[in-house]
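J.: As given, the protein sequences belong to chains Z and S, one line each in that order.
Okay, so the first sequence: first residue is 201 according to the numbering used here, each after it adds one.
Okay, so the second sequence: first residue is 36 according to the numbering used here, each after it adds one.
Just so you know, these hints were derived from the structure itself, not from any lab.
Do not rely on the hints blindly, as some may be mistaken.
What the hints assert, rightly or not - Mimicking DSS-like on lysine-lysine, the simulated pairs with C-alpha atoms at most 25 Å apart in a straight line are:
hint, chain 1, residue 1, chain 2, residue 2
1, S, K203, Z, K329
2, Z, K408, Z, K329
3, Z, K293, S, K105
4, Z, K293, Z, K225
5, Z, K225, Z, K208
So you can see what is in the structure, the chains are spelled out below.
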Amino acid sequence: MVQYEATKVEPEMSVLEMLDVLNEKLISQGEEPIAFDSDCREGICGTCGMMINGIAHGPQRGTTVCQLQIRNFRDGDPLRLEPWQDRAFPVIKDVVVNRASLDRIIQAGGFISAQTGSVPEANSVQVPKTNADQAMDAAACIGCGACVAACPNGSASLFTAAKISHLALMPQGQPERSRRVISMVADMDQEGFGNCTMHRECEAVCPKEISVRFIVQMNREYLRASFKEREIIIPAIAQPSAAGV
Amino acid sequence: MALTGIVGVGFILLHVSLNLLAYGGASAVNGTDAFLKSTGGWLWLARAMLLVAVVLHIVMAYQLSLISLKSRPVDYQQWEPVGSNWASRTMRWTGVFLALFIALHILHLATGTLHPNFIQDNVYHNVVTTFRVWYVAALYIFAMCLLALHVYHGAWSMFQSLGYNHPKYAGWIRPVATCITVVVVLGFISIPVGVLTGAIH
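Whole structure, please, built from the sequences with the hints as guidance.
T.: See the structure below:
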């Protein structure tokens, strides 16, 4: 744990902008800057995650680190920054971690298989509004990994459940509904994540405020698929590429 | 965990109802005990099923805990709970203590091995004489507080594990689980308290 003093920080700055200012100072002093990841800087890409004072994405509910403003802290407050800690999230440097394990869970079934061809008439596939609304709540997941980071068991259940539920609620997700849940859960377990015991830490830190009811739905889907799916499914886990991603 | 937990919750609901017969005096308690023992094989079948459920519950908790604890090889320097409660975070501890307590309880009031004044088939006498000793009563009351924590989280989360959360009725799960916890634990605690205060004599 290294201590830095961030100066010339404005209250409207986000935590990442504060880190940018601090890093400029460090670089000008010939020191190693703090390594952190960012991309969209608007709370939608899932790249910037870190623990701030023991809470994933910091103290404000439903807010990513890139959207967390410095005015949430008082002048002089210490900010303890830590990377996500999990066996399936190897730390690259400082607060940068490798979340390819989440990508592999999606590769195991978080998709629909659709034929290419001409565009079908938009209204020919009907979706009940309640399904569409609930699926959107689940689809809001940005894959940031805060749920895993906050979970005392290191479980990726909320992430996996969000994708499973999202597609299970949609008509397009029906053909592969059973094999999806079995395959994704098998991959989630193989990645080394822990098991869910309903602490509900995940839901509390999720920047998109995704509910644990999707974990309940995943359990139900798994039970249903255990009876319905007649094929033996061995998830083909994509191995990390040469690029190390 | 949820399925074996259901057996556990069902058992303590049954057990507390039988315990509350203590307020009906020696004949109620010993009479019911004699009846249960007269069923012979059925009682042993029930005991076997309970034992299987308890063993599976502990084995699965152990295996799942190992996986979960291995998932975070390097711990945080600072981690603040935001969404969880003390009951959920202490399940492993209350579970271990309750396992030990159950073993002691069976040796104490069922087989009488640890009871200084044990009279075979006189449950009422055994219970009343033992709870007059303050530290025995205190241990049981403490164990029941831990049971409260364990069941408060367990009785609620078992519905989640089994995939039940119907939008209309899921709101009842938390109040029902809390109710079960309060009724069972207060019911159990009232026995040693009743003996100490003389309400059961």
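J.: K203(S) and K329(Z) were given as a pair; does the straight-line alpha-carbon distance stay at or below 25 Å?
T.: Roughly 17 Å separates the two Cα atoms, so the pair holds.
J.: Does K208(Z) sit within 25 Å of K225(Z), going by the straight-line distance between their CA atoms?
T.: holds, 10 Å
J.: Checking one constraint from the list: CA of K293(Z) to CA of K225(Z), max 25 Å. Satisfied?
T.: With a Cα-Cα distance of about 19 Å, the restraint between K293(Z) and K225(Z) holds, given a limit of 25 Å.
J.: Does K329(Z) lie within 25 Å of K408(Z) when you go C-alpha to C-alpha?
T.: The given pair, whose Cα atoms are some 20 Å apart, holds under the 25 Å limit.
J.: Holds or violated: K293(Z) and K105(S), Cα atoms, limit 25 Å.
T.: Satisfied, since the Cα-Cα distance of roughly 21 Å is no more than 25 Å.
Hint check: no violations occur; every hint is consistent with the structure.
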